[in-house]
Structure formats: C-alpha cells, structure tokens
Amino acid sequence: MAKPTLGVFGLTGCAGDQLVILNCEDELLELTELVDIKDFLMASSGNDTSCQLDVALVDGAVLSQRDEDMLKRIRERSRLLVALGTCAVWGGVASLDRNQDRTRLLEDVYGEMGKKYDSLPARALHEVVNVDLSITGCPIEKDQLISAVASLLQGDPPLYPKYPVCTECRMREYNCLLIERGEICCGPLTVAGCQARCPGLNVPCVGCRGPADDANVESAMNMFGEKGIPREEIAAKLRTFAPAWGVNV
Amino acid sequence: MTRSIKVNHLARVEGHGGVTVEMDGRSVSSVRFDIFEGARLLEALARGRHYTDVPQIVSRICAICSVSHSISSIKATESAFGVTPTPQTELLRDLLYRGEDIESHSLHVFCLAVPDYLNYPSVVALAADHPDAARLGLRLKKLGNTIQEVIGGRAVHPVNVLVGGFGKLPTADQLMALRDELHQAAEDSKSVVDLIASLPPADYCSKDTVFAALRPKQFGYGYYSGDQIHVRLNGKTEAVPAAEYRSLANERAVPHSHAKHSQYKGRPFMVGALARLTVNSDLLNGSVADVKQKFGLNLPSGNPMDNNKAQALELVYDIHRSLETVEKLLADGLREEAPVPVRPKAGSGTGVTEAPRGMLVHSYSFDGQGRLATADVITPTAFNAASVEEHLRRAVEQNAGDDDAALTKKLEMIVRAYDPCISCSVHLVRRRNAP
Chain P
4 MAKPTLGVFG LTGCAGDQLV ILNCEDELLE LTELVDIKDF LMASSGNDTS CQLDVALVDG
64 AVLSQRDEDM LKRIRERSRL LVALGTCAVW GGVASLDRNQ DRTRLLEDVY GEMGKKYDSL
124 PARALHEVVN VDLSITGCPI EKDQLISAVA SLLQGDPPLY PKYPVCTECR MREYNCLLIE
184 RGEICCGPLT VAGCQARCPG LNVPCVGCRG PADDANVESA MNMFGEKGIP REEIAAKLRT
244 FAPAWGVNV
Chain L
0 MTRSIKVNHL ARVEGHGGVT VEMDGRSVSS VRFDIFEGAR LLEALARGRH YTDVPQIVSR
60 ICAICSVSHS ISSIKATESA FGVTPTPQTE LLRDLLYRGE DIESHSLHVF CLAVPDYLNY
120 PSVVALAADH PDAARLGLRL KKLGNTIQEV IGGRAVHPVN VLVGGFGKLP TADQLMALRD
180 ELHQAAEDSK SVVDLIASLP PADYCSKDTV FAALRPKQFG YGYYSGDQIH VRLNGKTEAV
240 PAAEYRSLAN ERAVPHSHAK HSQYKGRPFM VGALARLTVN SDLLNGSVAD VKQKFGLNLP
300 SGNPMDNNKA QALELVYDIH RSLETVEKLL ADGLREEAPV PVRPKAGSGT GVTEAPRGML
360 VHSYSFDGQG RLATADVITP TAFNAASVEE HLRRAVEQNA GDDDAALTKK LEMIVRAYDP
420 CISCSVHLVR RRNAP
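Going down the list, the protein sequences come from chains P and L.
The letter at position 205 of the first sequence is residue 208 when you use the working numbering, and the numbering goes up by one with no holes.
The letter at position 184 of the second sequence is residue 183 when you use the working numbering, and the numbering goes up by one with no holes.
For the record, the hints were derived by calculation from the structure and aren't laboratory data.
Accuracy of the hints is not assured; some may be wrong.
Across the chosen pairs, the derived CB separations fall in these ranges [stated by the list, open to error]:
#1 Ala153/P with Gly332/L: 39 to 45 Å
#2 Lys6/P with Ser197/L: 31 to 37 Å
#3 Arg342/L with Pro160/P: 47 to 53 Å
We put the CB at the ideal spot given by N, CA and C, even for glycine.
Please model the entire structure based on the sequences and the hints provided.
Put into structure tokens, the structure is as follows:
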C-alpha cells in the first residue's frame with residue numbers, strides 16, 4: 004500500500020508549530036518511513052505543490068487575502084485538514100486586535116505605507132474552511148502531535164482532554180498560585196494537555212492553549228472575584244491568545 | 000536583452016519571502032529581497048499591557064528566536080525599572096541563550112544549509128545517503144532544545160523566564176543529565192568540524208562588508224550580556240551604546256524597493272554569526288582555536304556563505320562553553336533564590352541581545368503603573384535586509400553568465416546563508432504585496 008501523503012503549511016504566525024514537528028528529532032526520520040511528506044516549504048525545496056494530500060497540517064492564522072487563498076487551495080487538495088496550534092485553532096495572539104481599528108494599528112506600526120498592505124483581522128482556520136481536527140497549544144505539545152499522527156494512520160481521531168489545566172495541576176499537587184498567592188492564573192479556564200507546565204514552574208497559566216470545553220466558567224469567575232481580581236482584568240488576560248472564552252464582561 | 004529571475008517562495012527558510020532580479024544585458028537594474036509575511040502588529044497589540052504580560056506576547060514574534068525575544072524584552076524592562084538580576088540569573092540566561100543557539104544553528108546548518116552544498120532538497124533526503132550527518136544534526140538540535148527546556152521551561156516560547164529572574168531553578172538531577180548529554184555532544188562536535196570542513200567551497204559574491212554585533216560584557220563570547228554594540232567598518236571598530244541603537248536603524252527608502260533599509264553611516268551592514276565572530280573573536284577561548292583554520296575561515300570575510308561556517312563554529316563553541324557552565328553550576332550548587340523584587344516606574348529601557356541570526360533590539364517605555372506605553376522591536380532580518388540585497392546584486396553581477404537555474408540556486412543559497420527569519424522581519428521591514 005502506498006504511504007499516506009502529508010503536507011505541512013504555515014500561514015501567518017511564528018512558525019512555532021512547524022518547529023515542533025522539526026523538534027521531534029527522535030521520531031522525524033522514522034515518521035518519514037510511514038508517511039510521504041510531499042510539501043513542506045519550511046523544511047524542503049523541490050516540493051510537489053499541486054498533488055492531492057491525505058493530511059494537511061496547517062499552522063498560523065489567516066491574516067491576509069494571500070493567507071485566505073492559500074488555505075482554500077490547501078483545503079481543496081486535502082482529505083483531512085488539521086489546524087495546528089492556537090493561532091490556527093483560535094486566532095492566537097494576532098487576534099488580540101479584533102476590537103481595535105486595524106487601519107490605525109497598521110499605521111502605528113508601518114506609517115503611511117500601512118494603508119496599502121494586504122492585511123485582514125486575524126481569523127482561525129475554521130472561520131474560513133472546514134477543519135477536520137484541531138490540535139491546540141502555543142506551541143502544540145509534541146506528544147499530542149505524535150499521538151495525532153499515530154491515530155490518523157490507524158484511521159481514528161486522537162482523544163484529547165476537555166478538562167482544564169487546573170485539573171492537571173491538582174493531579175500533580177502543585178501549589179495553587181491563585182488561592183495561595185492571589186495571582187491571575189488562567190488554569191481554571193484553559194484546556195489541559197500541557198501537564199500544567201507553568202504552574203509547575205511557579206508561573207501562572209496565561210491561557211496559551213485556549214478555552215476548555217468542560218471549564219466551569221462561573222465558579223472560576225467567583226473564585227477570581229473572591230480574590231478581588233476584577234472581571235475585566237481576567238478577560239483582558241484571556242483574550243491574549245484566543246478571542247472567545249464564554250466570559251461575559 | 001532584459002532578463003528577470005524570480006523566486007516566488009523561498010524554501011528552507013522561516014516565513015514567507017522571495018527574491019526578484021531584473022537585468023538589462025549584463026547590468027542589474029533591480030534586486031529585491033521580497034517579504035510578504037502577514038502583519039500581526041504585535042508591538043501595537045502589546046501596548047497598554049502590564050509588564051508581566053509583555054515577554055509572553057512578544058515571544059510569539061518568532062518561535063526559533065523565542066528565547067531571544069523573551070529575554071531582550073526582559074532586559075529592556077529591567078533597564079527601564081532599574082532592576083539588577085543576580086549573577087546566578089545572568090549565568091543561567093547566558094546558558095539558555097547557548098541552548099537556543101545550539102538548536103537554531105543545528106537546524107539551520109544541518110537541515111537547511113548543508114543539503115544545498117551536497118545537492119539534496121531536504122535533511123530527510125540527505126538522511127537517505129548520509130544518515131550519520133542527518134542524525135548528528137538532529138541529535139545536537141535536540142540537545143539545544145533540552146537546554147531550553149531545563150532552563151527556560153519549554154523548548155519553544157520559554158515560560159520560566161521572568162523580569163527579575165526565574166520561576167523555578169533547574170534541579171541537580173536535571174543538570175547532571177544535561178552534563179552527560181553535553182559530554183556526548185563534545186564528542187559529536189568533532190564530527191561537526193569534519194563535516195563542515197569537507198563541504199565544497201562556495202563563493203559567489205564576496206565584497207567589503209560592514210559588521211555589527213553586541214559586545215559581551217561577561218561570560219566570554221556569547222549572546223546575552225552587554226550593552227554596547229560594536230560596528231566593524233573599514234577595519235576599525237566603533238562602539239554604539241545600546242540605547243543609541245537608532246543610529247543603526249536609520250531606515251532609508253530606496254528607489255528599487257519598498258523595504259525600509261537599515262544603514263550605519265550610509266552603509267548596509269551584516270549581523271549574525273559571521274558578524275559576531277568578526278567583532279568578538281578575541282573573546283573565544285582555546286576550545287575552537289583550530290576550527291577556524293580547519294574551516295578555512297579567514298576574518299574579516301565579505302562572503303556571506305561563510306556565515307554557515309561561522310554558525311558551525313559557534314555551535315562547537317557553545318557545546319564546550321555550556322559544558323563548563325553546567326559543571327560550574329553543579330560544583331558551586333544552585334542557590335535557591337526568588338526573582339528580584341520589581342518596583343515598576345515610568346521610564347524607558349533598551350535590551351539588546353544576539354539572537355542566533357543576529358542582533359535583536361527591544362526598546363520600551365512604561366507608564367507609572369508598569370504598563371507598556373511604547374514598544375520598538377528591530378529584528379536581525381530587518382537589520383540584514385539591505386545587506387542581503389547588496390550581496391545578491393554582487394552575485395548577479397559576478398555570475399551573469401549562468402543560466403537561470405544555476406543563478407537562482409546561488410541566490411537562494413545566499414539568502415539562506417543569512418538564515419533569515421521572515422516572521423520576525425515584518426515588524427520593521429515594509430512589505431510588498433504578494434505576487
């Protein structure tokens with residue numbers, strides 16, 4: 004049987020999720036024995052840029068007409084499209100500006116020239132095309148990527164936790180930074196999968212993985228309220244990586 | 000007869016960029032290093048945020064340089080608030096930068112550049128015929144990531160680095176495991192030297208070049224410490240204080256390009272490993288004394304292809320230096336210390352460090368509550384853009400007799416030798432619309 008074909012693409016972003024693929028140093032060469040990587044511009048020249056793909060992995064968000072055209076083209080040629088990383092899944096840091104005037108922002112950074120750029124407000128991939136699987140994280144976790152590839156090779160979607168970082172943090176018995184230090188920790192609302200890396204380092208969660216389906220938003224907001232942390236401040240913090248959290252302010 | 004060469008989408012570089020050359024007979028009418036990465040406007044988005052949020056936001060400018068962006072940001076903030084980190088924090092940061100440098104250089108040299116010299120499209124293709132070389136590169140790349148994980152908490156976008164210090168210090172067990180890996184890497188580094196020394200020569204566009212790099216203040220040759228920029232111009236070294244970085248970033252509009260170009264005294268300049276070696280080689284210790292010679296690296300070199308060799312030399316140096324640092328940390332023992340207390344105040348500060356691909360500037364001002372008022376970020380690729388075009392122009396002039404395919408390959412190799420990071424560069428370089 005022919006090996007499944009794979010493409011790896013980057014829209015606008017920091018390329019961090021593509022870098023996580025290259026960071027699978029122990030698995031990379033073995034992976035290429037199982038799948039045929041046809042198109043991966045960041046890592047290879049001589050790509051086949053028109054062939055049909057079984058799986059496309061796409062990182063970054065849609066921030067220009069060029070990104071949008073490229074994404075639609077990838078969708079057309081791929082059986083499964085996987086959104087890789089918080090930018091692709093939620094919009095990411097660039098979506099911080101959704102409520103701000105983009106023309107003014109462009110002028111702030113680029114001066115008069117800013118008006119002429121091909122530049123759109125950040126959108127997640129699912130706002131433009133149909134997405135088959137989302138692997139969140141800023142960047143994605145290596146083990147979640149590898150389990151996704153392994154599952155897809157078997158024809159199954161991978162299973163990821165829907166509970167929040169807070170649950171992972173308690174399982175590891177880390178000190179609670181919110182209760183013990185009164186710090187704004189986004190762990191109660193952010194989706195798990197990072198093994199509560201930041202609280203484990205005494206650093207509050209910044210919500211880089213985006214919202215958890217199973218988070219109890221109201222109870223978390225009450226907990227923040229008891230610590231005297233205003234709702235607006237939590238909302239501003241949460242918006243850093245994803246625009247939609249189900250938190251009303 | 001007019002002729003044009005166009006690379007619509009550069010492969011094996013980070014981000015979206017291209018090259019366009021227009022020629023009329025043998026004379027070159029225009030050369031452009033095109034950048035069409037989307038604009039994320041992170042400097043504008045970070046404005047108004049509390050200083051504790053800023054490093055995590057600006058880290059996302061670039062994954063491969065995420066340590067450099069986070070810590071340049073922290074350096075700028077500490078300078079604005081008058082915070083002095085402890086000597087232990089400074090040493091750990093120095094080590095963290097070496098981890099980033101080892102990872103990035105292994106990726107660039109083995110996965111992006113070496114395949115060019117040996118005529119392969121990628122490291123995966125290279126691995127089929129030269130498995131040892133590919134595995135060597137990947138092993139060292141992993142080592143760089145391990146250092147970043149142990150010190151920075153994560154290989155991409157470090158989470159453990161804070162204004163004033165670290166969230167948590169590495170354990171002795173982690174350092175001992177790292178020491179073992181570094182011993183293995185020190186053995187591996189001999190193979191790196193042999194491989195790079197055996198590459199066929201590549202010289203397509205040598206010319207008199209100006210170099211700029213941060214001058215380290217402590218820990219020898221390195222990437223983190225210091226607040227003076229040294230510029231090597233016409234055989235002399237000129238010092239520019241970090242806070243006056245604008246004298247190297249006086250962007251000038253050029254007729255053939257919309258890109259803003261950085262110049263120093265009217266001259267484009269090069270930043271990166273070759274620039275660092277040119278400016279700071281007196282700080283290298285003995286561990287790499289013979290490597291320069293084995294690589295045939297004669298400094299100063301106006302051949303940008305030598306940047307690949309300079310990166311390989313830094314890779315070898317960083318391995319030895321990191322081993323010394325880890326041994327010292329284990330011998331002295333880490334002192335448990337919380338981050339230095341920070342008292343925010345209105346003011347401004349500049350943090351300059353060396354990202355793997357060259358000098359990086361973050362310059363901020365804050366209001367009295369410690370919220371970011373203004374931010375100016377200048378990345379290595381933005382500093383390099385004018386110099387890249389100068390070297391491309393020279394290559395086209397020198398190799399005008401080549402057919403399109405041969406000339407295109409040379410132009411791509413030159414851009415790649417600069418190790419551009421195009422996601423980074425959009426924060427300063429004015430972009431052109433995509434073709």
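### Violations among the numbered hints, reported as their numbers in ascending order
none
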